[in-house]
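Engineer: Now for the letters of each chain:
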Amino acid sequence: MGSSAPGSIRIRLFASLREQAGWGERDWPLAEPTTAQQLWAELGLARSLDGVRVAINQRFASADTPLESGDELAFLPPISGG
Amino acid sequence: MDRPIPIEIRLHPERFDPLELLQHWEEGLLEAGLPRAAATSSFIGRVRAGDGVVALELEHYPGMTEAELQRIAASVSQRHGALACLIEHRVGRIAVDEAIVCVAVWADRRGPAQRCCQELLEELKHNAPFWKREWNADGSSQWIEGNTPL
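Chains as they are written, first to last, in the numbering used here: chain W, 1 to 82; chain E, 83 to 232.
Extracted from the complex, chain E is given alone in its bound form (with noise of 0.2 Å):
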């Protein structure tokens, strides 16, 4: 049987600097003994600008949402055959320009890692339990269901 790898799962209530949080997981695992992989790929989500939304709320299911992303990254880093990963996600009100998402994997090479990283990406956008309501500048809002295309 494959050893579990590292896995750090954070819900974030308040806004957090992904590359900050990037740079630390990655001196945790080294710190922790780990030699550095060969190839490592990240990806950041920001909020979006435009047609009069001035912010997000990410509504999220406490104990849920966590054991979902943890079950997520745990099947999804050993498929891939993934050496390490890290969710990083926001909860609550968030500005336009902030980080909703941070994912990172480490692996061997290009492929798994890159391949990892957006298949994470793909599955807590479609299972892990978040809801998104765009808020407007006239105060009004409306509840997203469903994600925007790939």
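Looking at chain W on its own, in the form it has when it is part of the complex (with noise of 0.2 Å):
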């Protein structure tokens, strides 16, 4: 929040997807109106995105909600806590 680049958005992945991702943290231009949806695809990560849940600036969000620039946004692979 409010760390990425301007114009861009910060993306985080967290447990398997970190890992099967290889990265946690990276920064994306953000060229044109996109959603986390979107993105997902142009990620390229081996996984659909069913079961995965989206953080937007820290609170669970629709996967289509329009980005902006400076959002930080996360995806949660399913949470086991507690």
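Don't read these hints as lab results, they were simulated from the structure. We put the beta carbon where it would ideally sit given N, CA and C, even for glycine. Heads up, a few of these hints could be off.
Taking CB as the label site, the calculated pair distances span [to be verified]:
hint, chain 1, residue 1, chain 2, residue 2, range
1, W, G44, E, P231, 33 to 41 Å
2, E, G134, W, T34, 49 to 57 Å
3, W, P33, E, R130, 45 to 53 Å
4, W, F60, E, D179, 27 to 35 Å
5, W, A31, E, G174, 55 to 63 Å
6, W, R59, E, E90, 18 to 26 Å
7, E, Q224, W, Q38, 54 to 62 Å
8, E, G110, W, E32, 50 to 58 Å
Sample of chain W residues facing chain E (criterion: CB under 10 Å; computed from the structure) [to be verified]:
hint, residue
9, R10
10, R12
11, Q58
12, P77
13, G81
To list a few chain W residues with every Cβ distance to chain E over 10 Å, as calculated [said to hold, decoys possible]:
hint, residue
14, T34
15, L39
16, S80
Each of the two chains sits in its own frame; use the hints to bring them together as a complex.
Structural biologist: In structure tokens, the structure reads:
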């Protein structure tokens, strides 16, 4: 939040998603209006978005929410707490 | 409007003694001037032994996990009319038998106390960003997606 470069967003992956991708955090240029769902396809991760939850600026959000410059977007694999 | 009730939430990177924390929580509420509640319900969850698992690792999303726990606690407590609530949760690597989670609720009666405690636990297991990884004796590990049966 506020830590990504201008005109970009910060993408974060957690747990199994991070390990599958080989990275946990990166800045991504926001050239045109996009959503988490569209970005997921662009990231080319070998997994469908089924069961993966999206958070924008650390709040659960719908995958078709339009992203804004400076947003922190996180993809969260199925939760297993407690 | 109902007044906000005392809610305490902590994430622990090191092992904790749940009984000590429960006692400390009650003492704090009494010191703050709250009358002792007629009903207290609590739950302590520990790392299960078996299947060659020697430890769990619990990853979280710093900032969001705390915020979600706070949101869950406020909403569930209010729904059940609880008087106070506590959530203590481990993160990081946790050995077999160590406590992972401790939830406690003060209420007027056993019904709301127990229902609130159970719902808090279920909510946090399904909706607070935590991810478990099991570590085996041979050094291998696997991420757990989803929860154990109720």
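Engineer: None of the hints should be skipped; say for each whether it holds.
Structural biologist: Do the hints match the structure? See the list:
1. G44/W x P231/E: 33 to 41 Å: holds, 35 Å
2. G134/E x T34/W: 49 to 57 Å: Between G134/E and T34/W, where Cβ atoms are some 44 Å apart, the hint is violated.
3. P33/W x R130/E: 45 to 53 Å: holds, 47 Å
4. F60/W x D179/E: 27 to 35 Å: This hint holds: roughly 33 Å between Cβ atoms.
5. A31/W x G174/E: 55 to 63 Å: The hint (55 to 63 Å, Cβ to Cβ) is violated, given that A31/W and G174/E are roughly 38 Å apart.
6. R59/W x E90/E: 18 to 26 Å: holds, 22 Å
7. Q224/E x Q38/W: 54 to 62 Å: violated, 31 Å
8. G110/E x E32/W: 50 to 58 Å: holds, 52 Å
9. R10: violated, 13 Å
10. R12: R12/W check passes; min Cβ-Cβ to chain E is 8 Å, inside 10 Å.
11. Q58: Holds, about 4 Å.
12. P77: holds, 6 Å
13. G81: At about 3 Å, which falls below the 10 Å cut-off, the nearest Cβ of chain E leaves the hint on G81/W intact, so it holds.
14. T34: Nearest chain E Cβ is 21 Å from T34/W, so the label holds.
15. L39: holds, 18 Å
16. S80: Given a closest Cβ separation of 4 Å, the condition is violated.
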